[in-house]
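Visitor: Just so you know, the sequences run in chain order A and B. Anchor point for the first sequence: position 278 equals 277 in numbering that gives the first Met the number 0, and the numbering is continuous, going up by one each time. Anchor point for the second sequence: position 27 equals 26 in numbering that gives the first Met the number 0, and the numbering is continuous, going up by one each time.
No lab work stands behind these hints, which were simulated from the structure alone. Mixed in with the good hints there might be a few duds.
Claimed, not checked - Computed footprint of chain A on chain B; a stretch qualifies when at least three of its residues, placed anywhere within it, have a C-beta under 8 Å from a C-beta of chain A: (1) 118-130; (2) 274-282.
As the list claims (entries may be wrong) - Computed far set for chain B versus chain A, every beta-carbon distance over 10 Å: (3) Asp63; (4) Ala106; (5) Lys326.
Here the structure is a predicted model, which is why all the values come from computation and not from measurement. C-beta: ideal position from N, C-alpha, C; glycine also.
There are 2 protein chains.
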Amino acid sequence: MKVAIMGYGTIGSGVAKVLDTNKDIITERLGESLDIKYILDLRDFPGDPHESCFVKDYKAIADDKEVKIVVETMGGVEPAFTFVKAMLEAGKSVTTSNKALVADKGAELMQIAEAHNTNFVFEAAVGGGIPIIRTITACLTGDVIEEIDAICNGTTNYMLTNMEQFGSDYDEILAEAQSLGYAEKDPTADVEGHDSCRKIAILTSLISGKNVDFNDIPTEGISKISSTDFKYAKAMGYSIKLIARSIKCGNTYSCRVAPYLVKPEQMLYHVSGVMNAVAVRGNMLGESMYYGAGAGALPTASAVVGDMVFLARNTERAVKIGWADEKLTLANPSEQKFKYFVRTSALQSNIENEFGEVEYSTLDLDEEVGFITEEMTESEFNERKTALGGIISVIRFF
Amino acid sequence: MKVAIMGYGTIGSGVAKVLDTNKDIITERLGESLDIKYILDLRDFPGDPHESCFVKDYKAIADDKEVKIVVETMGGVEPAFTFVKAMLEAGKSVTTSNKALVADKGAELMQIAEAHNTNFVFEAAVGGGIPIIRTITACLTGDVIEEIDAICNGTTNYMLTNMEQFGSDYDEILAEAQSLGYAEKDPTADVEGHDSCRKIAILTSLISGKNVDFNDIPTEGISKISSTDFKYAKAMGYSIKLIARSIKCGNTYSCRVAPYLVKPEQMLYHVSGVMNAVAVRGNMLGESMYYGAGAGALPTASAVVGDMVFLARNTERAVKIGWADEKLTLANPSEQKFKYFVRTSALQSNIENEFGEVEYSTLDLDEEVGFITEEMTESEFNERKTALGGIISVIRFF
Chain A
0 MKVAIMGYGT IGSGVAKVLD TNKDIITERL GESLDIKYIL DLRDFPGDPH
50 ESCFVKDYKA IADDKEVKIV VETMGGVEPA FTFVKAMLEA GKSVTTSNKA
100 LVADKGAELM QIAEAHNTNF VFEAAVGGGI PIIRTITACL TGDVIEEIDA
150 ICNGTTNYML TNMEQFGSDY DEILAEAQSL GYAEKDPTAD VEGHDSCRKI
200 AILTSLISGK NVDFNDIPTE GISKISSTDF KYAKAMGYSI KLIARSIKCG
250 NTYSCRVAPY LVKPEQMLYH VSGVMNAVAV RGNMLGESMY YGAGAGALPT
300 ASAVVGDMVF LARNTERAVK IGWADEKLTL ANPSEQKFKY FVRTSALQSN
350 IENEFGEVEY STLDLDEEVG FITEEMTESE FNERKTALGG IISVIRFF
Chain B
0 MKVAIMGYGT IGSGVAKVLD TNKDIITERL GESLDIKYIL DLRDFPGDPH
50 ESCFVKDYKA IADDKEVKIV VETMGGVEPA FTFVKAMLEA GKSVTTSNKA
100 LVADKGAELM QIAEAHNTNF VFEAAVGGGI PIIRTITACL TGDVIEEIDA
150 ICNGTTNYML TNMEQFGSDY DEILAEAQSL GYAEKDPTAD VEGHDSCRKI
200 AILTSLISGK NVDFNDIPTE GISKISSTDF KYAKAMGYSI KLIARSIKCG
250 NTYSCRVAPY LVKPEQMLYH VSGVMNAVAV RGNMLGESMY YGAGAGALPT
300 ASAVVGDMVF LARNTERAVK IGWADEKLTL ANPSEQKFKY FVRTSALQSN
350 IENEFGEVEY STLDLDEEVG FITEEMTESE FNERKTALGG IISVIRFF
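Modelling step: build the complete structure from the supplied sequences, incorporating the hints.
Guide: Rendered as structure tokens:
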């Protein structure tokens with residue numbers, strides 16, 4: 000079976016490597032081989048083992064009836080969307096690792112695929128080395144999914160783990176992560192939680208069957224987390240993790256991306272470094288968790304190739320996974336309830352005036368105090384917080 | 000779509016409950032409902048909501064062309080095998096939670112299914128609430144699977160967790176587990192590792208594509224583990240877990256079921272109580288782990304219903320998962336290499352005579368000493384162990 004790869008960067012060349020390295024076992028599993036016929040890239044790759052496959056115009060691929068499966072690993076919404084749409088309209092199956100494309104155009108591309116009796120899949124778009132998409136769409140299909148809690152960004156989890164382990168501050172760890180290639184030059188999408196936000200939007204679309212707009216999800220990153228926050232967390236026996244959450248709330252879901260205080264009894268506490276994990280609770284299944292590499296060329300490429308095997312087994316047959324174009328109105332995030340850890344320069348008498356009797360945390364720092372609130376709604380907390388003033392930092396308990 | 004359940008015990012009635020409770024969402028996902036037409040059981044269930052569905056002869060189901068999907072939750076090899084075979088030969092799809100049936104007859108039943116253009120699936124047979132079968136057969140299909148390490152028996156993990164937590168001895172914890180219904184009256188299949196052995200045989204068949212005879216896998220249970228073993232483990236910073244392992248070794252796999260010493264840096268250390276987990280390493284994917292309830296009526300029934308949705312999406316279409324009837328000759332287990340923890344009444348001079356300079360463990364017990372060997376093969380260890388004598392217990396390091 001002839002296949003094509005659009006975008007020969009880290010992931011795209013990883014896909015070629017997985018297909019080459021594991022050619023025998025993939026052929027055995029499928030009963031036929033997956034042969035790369037085209038690679039679309041504007042750059043030249045002289046000496047590449049697939050040198051003869053390179054093309055610069057996507058129409059060469061779209062027009063070749065022999066190509067059944069197309070991989071999109073270009074990144075970004077355009078021109079990826081135009082190219083993928085053309086491939087689906089030409090009756091080809093497509094798999095992508097591009098979470099921006101899926102979060103923005105997923106429902107639309109899935110409908111185009113269905114209309115042309117073919118498939119658009121995207122296992123690699125959420126949690127590279129964690130097969131969470133197929134787990135949700137093809138395994139946990141007997142359950143109402145009540146909650147998803149995901150550590151789904153390798154960069155930030157690596158940074159938080161290192162801040163915890165070495166007591167370093169945010170800027171120091173960011174510079175180190177950038178020098179090691181774990182963080183990008185412009186790290187905004189990772190450290191401000193935008194990447195995690197898109198991923199939980201995709202997962203929530205899949206469990207609800209409707210379309211979630213990632214812009215509706217309140218999102219905080221890790222750029223305000225300091226080494227002092229970690230000292231408090233450690234004193235309380237907790238760690239801090241960036242978690243993307245979606246919790247069933249009546250007929251919809253309540254979503255948030257934020258740093259949370261997590262304790263050792265919770266499995267997500269133990270997810271360290273560049274590893275990621277997605278915890279899923281079903282109404283019949285109970286608790287489950289899926290753990291693996293969150294990023295990296297080969298784990299992500301492995302997910303793409305897993306998708307290619309799926310597509311090869313389902314050519315000319317649209318497999319429904321239920322993601323309608325209808326928009327899901329998320330629950331009001333200001334009604335979410337949490338316990339909060341607060342650092343403030345306010346006086347103890349003022350704290351107790353606003354929050355009643357609270358539990359204090361034990362670091363002996365000048366000019367600030369840490370305390371833990373009762374559980375209350377975001378809106379109630381925000382009112383009291385504003386009234387108190389002198390806030391240094393706030394972290395929610397998971 | 001009409002379905003039937005064979006065996007209305009804990010799991011079978013759980014399947015009915017999942018279908019009833021989640022009827023709306025299952026219908027939405029499938030585009031049609033799954034309606035129970037028959038329940039096969041020799042017992043009577045007066046007042047059951049599905050009372051009108053009960054039959055006592057499996058042929059009533061096999062002969063009804065309207066029934067497309069049959070659930071087998073009877074347990075045991077016979078008559079389950081005869082009944083399942085008849086259903087497949089009648090062109091119906093079958094899902095089972097019966098690991099004894101799958102370990103013994105899996106390859107044969109899959110071939111019968113393929114010959115009749117239908118499917119035999121068994122997600123619930125390994126790790127009830129963990130979708131490990133479909134993960135291996137439909138997600139990690141681009142990888143050579145290099146290693147599987149599974150805590151895949153809820154009873155023994157519950158017992159070991161409690162022995163560790165409360166310092167209790169084996170007999171005490173077994174009696175408690177039996178009184179709580181977590182262990183059966185005859186607990187042999189669980190505590191001696193036979194259940195875990197069948198599960199790792201099934202998983203190894205799926206990753207190798209050949210048929211593994213569970214009788215070929217060296218299997219030790221937990222019945223020799225004592226509270227003193229846990230005291231040593233704790234002093235060394237380890238826990239003890241019953242792990243079913245399969246490691247790629249040339250063109251085959253090397254398998255073993257045994258208690259292992261596990262340290263906190265390893266994710267399996269954190270799998271406690273009745274929860275189970277399967278760690279999978281792929282040559283491209285790297286490390287991954289799948290965590291969930293190992294048993295229990297609803298988690299297991301959830302897996303069966305997930306299979307039913309899969310079968311409903313694939314009627315009259317055999318989905319290959321590659322488990323040939325050809326036997327896989329496993330690697331010689333006596334060539335496996337481990338570090339061993341040994342408790343012995345032998346003299347220190349004799350220990351050093353047989354094992355050289357070893358690391359001693361620190362409990363101050365009369366008449367025994369604990370030590371840690373270098374890594375060596377099973378056969379070499381067994382020779383030296385026999386020469387040393389006075390062995391009280393041996394546990395391998397994971």
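Visitor: The output says Asp63(B) does not contact chain A. Does that hold with a beta carbon cutoff of 10 Å?
Guide: holds, 23 Å
Visitor: Quick check for students: does the CB of Lys326(B) sit more than 10 Å from each CB in chain A?
Guide: holds, 17 Å
Visitor: Test coverage of the region 118-130 of chain B by chain A using CB-CB distances below 8 Å; three residues minimum.
Guide: holds (count 4)
Visitor: Take a quick look at Ala106(B) and tell me if its Cβ sits farther than 10 Å from every Cβ on chain A, holds or violated.
Guide: holds, 16 Å
Visitor: Are 3 or more residues of the region 274-282 of chain B near chain A, judged by a Cβ distance of less than 8 Å?
Guide: With 3 residues in contact (Cβ-Cβ under 8 Å with chain A), the coverage given for the region 274-282 of chain B holds.
Checked against the numbered hints listed earlier, the structure breaks none of them; every hint is satisfied.
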